[in-house]
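Trainee: Input sequences plus hints: build the corresponding full structure.
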Amino acid sequence: ESVPARITQKTLDAAALPPRPGSLHIETTHDRVTIIWAPPQSAQYAVSIGIDTPRREVLARELSPYMNHRFQQMRPDTRYFIEVRATNAAGESEPSISGGTTRAFPAPQGLTFSEVTDGSALMRWSGGPDYSAQTLYEVYLDNRHLATLTQASYRLSGLTEQTEYLFRVRAKGVGQYGLGDYFSAYTAIRFSTAAYTGIRLCRPGNLRGDRPSARQV
Numbered sequence: 001e002s003v004p005a006r007i008t009q010k011t012l013d014a015a016a017l018p019p020r021p022g023s024l025h026i027e028t029t030h031d032r033v034t035i036i037w038a039p040p041q042s043a044q045y046a047v048s049i050g051i052d053t054p055r056r057e058v059l060a061r062e063l064s065p066y067m068n069h070r071f072q073q074m075r076p077d078t079r080y081f082i083e084v085r086a087t088n089a090a091g092e093s094e095p096s097i098s099g100g101t102t103r104a105f106p107a108p109q110g111l112t113f114s115e116v117t118d119g120s121a122l123m124r125w126s127g128g129p130d131y132s133a134q135t136l137y138e139v140y141l142d143n144r145h146l147a148t149l150t151q152a153s154y155r156l157s158g159l160t161e162q163t164e165y166l167f168r169v170r171a172k173g174v175g176q177y178g179l180g181d182y183f184s185a186y187t188a189i190r191f192s193t194a195a196y197t198g199i200r201l202c203r204p205g206n207l208r209g210d211r212p213s214a215r216q217v
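Quick note on the numbering used here: the sequence shown kicks off at 1 and runs consecutively.
Honestly, the hints are just simulated from the structure, not real lab data. Don't take each hint at face value.
[Claimed, not checked] Result set (EDC-like, lysine to aspartate or glutamate): computed pairs, CA atoms no more than 20 Å apart in a straight line: (1) Lys172 <-> Asp210; (2) Lys172 <-> Glu138; (3) Lys172 <-> Asp77; (4) Lys172 <-> Asp130.
[Stated by the list, open to error] Just the calculated beta-carbon pair ranges, DEER-fashion: (5) Ala195 <-> Thr150: 31 to 39 Å; (6) Lys10 <-> Pro39: 56 to 64 Å; (7) Tyr186 <-> Gln72: 18 to 26 Å.
Ideal Cβ positions, reconstructed from N, Cα and C, are used throughout, including at glycine.
Mentor: Right, here's the structure in full:
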């Protein structure tokens, strides 16, 4: 073998890790968690959220090019932890960490009845101030579940005259990240049907039968 030829080269400097995002500001409704963070600015951020328990398991991790992010369809009255990391080709920064608690899920409001007859009534209500478009309504007459609705009204039919009824409605939220659906408290109202004002039909009377032959009656 000959004497070896040698050369010395230095590897390129790696790209610097991005700086950690600034302090986090958390805003919540009953089903949404909004995170806003301060500079320094980065090209992209990884935002993670999870229920704030000793295990601190991450429910979702999403990327955002903005300095804010929103998680939707969360569970009400629940404490969450949030981590935000700046990212680039070299990797991720140290996290900025904060937490927030979602509010209680408010019950439907303004339940009223109208157009009451001897056999029907129209029920109307309104949603809470921060209901999302995915919110549903479950309606009950006494203890019987009648329907699950998207609109905030329901017409009852097939009622009995001069009878008192209890109508109840509750909101149903749809969760994601494996959290499952959740419900508000009930809003209820009592009402009574009116007396029947039409003409009552009597059944025929004096019904008799005869057997004139083996095949007739």
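Trainee: Which earlier hints can't be squared with this structure?
Mentor: 1, 6
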